[in-house]
Amino acid sequence: MVRSLDLAGVSAVLGVCEADVVLLGAAALQGEVVTQQAGDCVLITGCYGFSFRASFTLPEDMSLVAYIHDTAPQSWCHGVGLEPGSVVTVLPEGDSEVLLVAGCRWTLMLLPAATLRAEFAALSPDNPEPSAHRLRMFIASHAGEARSLGDGYDTLRARLESGEPAGELVAPLLRRHLAATLGATAEERPVSSRGRRAHYVTVRRVEDFMRANLRRDIYIQELCNAAGASERALRYAFDDLVGIPPNRYLSLLRLCAAYRSLMEADASRRSVKSVALSCGMWDLSRFAEHYRHTFGELPRATLVRSQQGELAGH
Numbered sequence: 002m003v004r005s006l007d008l009a010g011v012s013a014v015l016g017v018c019e020a021d022v023v024l025l026g027a028a029a030l031q032g033e034v035v036t037q038q039a040g041d042c043v044l045i046t047g048c049y050g051f052s053f054r055a056s057f058t059l060p061e062d063m064s065l066v067a068y069i070h071d072t073a074p075q076s077w078c079h080g081v082g083l084e085p086g087s088v089v090t091v092l093p094e095g096d097s098e099v100l101l102v103a104g105c106r107w108t109l110m111l112l113p114a115a116t117l118r119a120e121f122a123a124l125s126p127d128n129p130e131p132s133a134h135r136l137r138m139f140i141a142s143h144a145g146e147a148r149s150l151g152d153g154y155d156t157l158r159a160r161l162e163s164g165e166p167a168g169e170l171v172a173p174l175l176r177r178h179l180a181a182t183l184g185a186t187a188e189e190r191p192v193s194s195r196g197r198r199a200h201y202v203t204v205r206r207v208e209d210f211m212r213a214n215l216r217r218d219i220y221i222q223e224l225c226n227a228a229g230a231s232e233r234a235l236r237y238a239f240d241d242l243v244g245i246p247p248n249r250y251l252s253l254l255r256l257c258a259a260y261r262s263l264m265e266a267d268a269s270r271r272s273v274k275s276v277a278l279s280c281g282m283w284d285l286s287r288f289a290e291h292y293r294h295t296f297g298e299l300p301r302a303t304l305v306r307s308q309q310g311e312l313a314g315h
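The numbering of the sequence shown is the numbering used here, which starts it at 2 and goes up by one.
For the record, the hints were derived by calculation from the structure and aren't laboratory data. It cannot be assumed that every hint is accurate.
[Stated by the list, open to error] Once the Cα atoms are required to be at most 20 Å apart in a straight line, the calculated DMTMM-like pairs of lysine to aspartate or glutamate come out as:
{"no.": "1", "residue 1": "K274", "residue 2": "D284"}
{"no.": "2", "residue 1": "K274", "residue 2": "D218"}
{"no.": "3", "residue 1": "K274", "residue 2": "E290"}
{"no.": "4", "residue 1": "K274", "residue 2": "E298"}
Take the sequences, apply the hints, and build the full model.
Below you can see the structure in the form of structure tokens.
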């Protein structure tokens, strides 16, 4: 199935949980996501033409394995840079956070956590319980098990894009994924510099403060206080991690929060004005202009569309 792209569709791409998505610029939501159900697994491959930051928490009975076919250096997972060949394993152990730049191409398998645990136990009988530390991200090399893994994900991606059934690829590919991850060398496991880790902590603290105070005006000194950093250090951290200044990120965070609220609102009980004010946007004409520039439609159109979708579901 090829999914249409809007912010709600991007947020729900995993199918089992909502991702909190913040666009990192005004850009047409263009790209392609192809999904296929294979028993109790969901196979997904995609490529977006826009950059975004997303965080999500898997249900405790689900896990995720992923492969990055192509990306630019600005992409990251928990602040650790992603490269072509990045191999990622996500367990249901708290929040996961990524930033993917425009043109990033990825393939993932969403599968029951019990399936991953059983395969892991078969590969590691002496220490059968998987952990985020043992399964942390690595960059596949061009030799041996890792090269075979990359070829396997390329085959899965091609199968999904052609619409051919791919269920028989799941079990052997999961086995190769875990074996290559366990066998990865220290040189293949990327690490962030101390400065990059500090920037990641700064951005997370500031975003938490923004979300907690979204309804009111927020000033740069408040963000500095929340981060425990100077204004210069704050701007440098945002430039490094998200590529835009903190005030621009706040504006996009407000707009994306408004979009989600409008998509979830009851049009008979909620107005565009009330949503805008709840997200700290007091100038309604300016809000409408920025919203249309970012999402390609006016806020009222989103509200009406959400109501039409709700009625169609009954």
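Results for each hint:
Among the hinted pairs, K274 with D284 is consistent with the structure: their alpha-carbon atoms are about 10 Å apart, no more than 20 Å. Between the alpha carbons of K274 and D218 the distance comes to roughly 17 Å, so the proposed pair stays at or under 20 Å and holds. Our distance criterion of 20 Å between C-alpha atoms is met by K274 and E290, whose separation comes to about 14 Å. Straight-line distance between C-alpha atoms of K274 and E298 comes to about 16 Å, which keeps the hinted pair within the 20 Å bound.
When the structure is compared with the earlier hints, no violation turns up for any of them.
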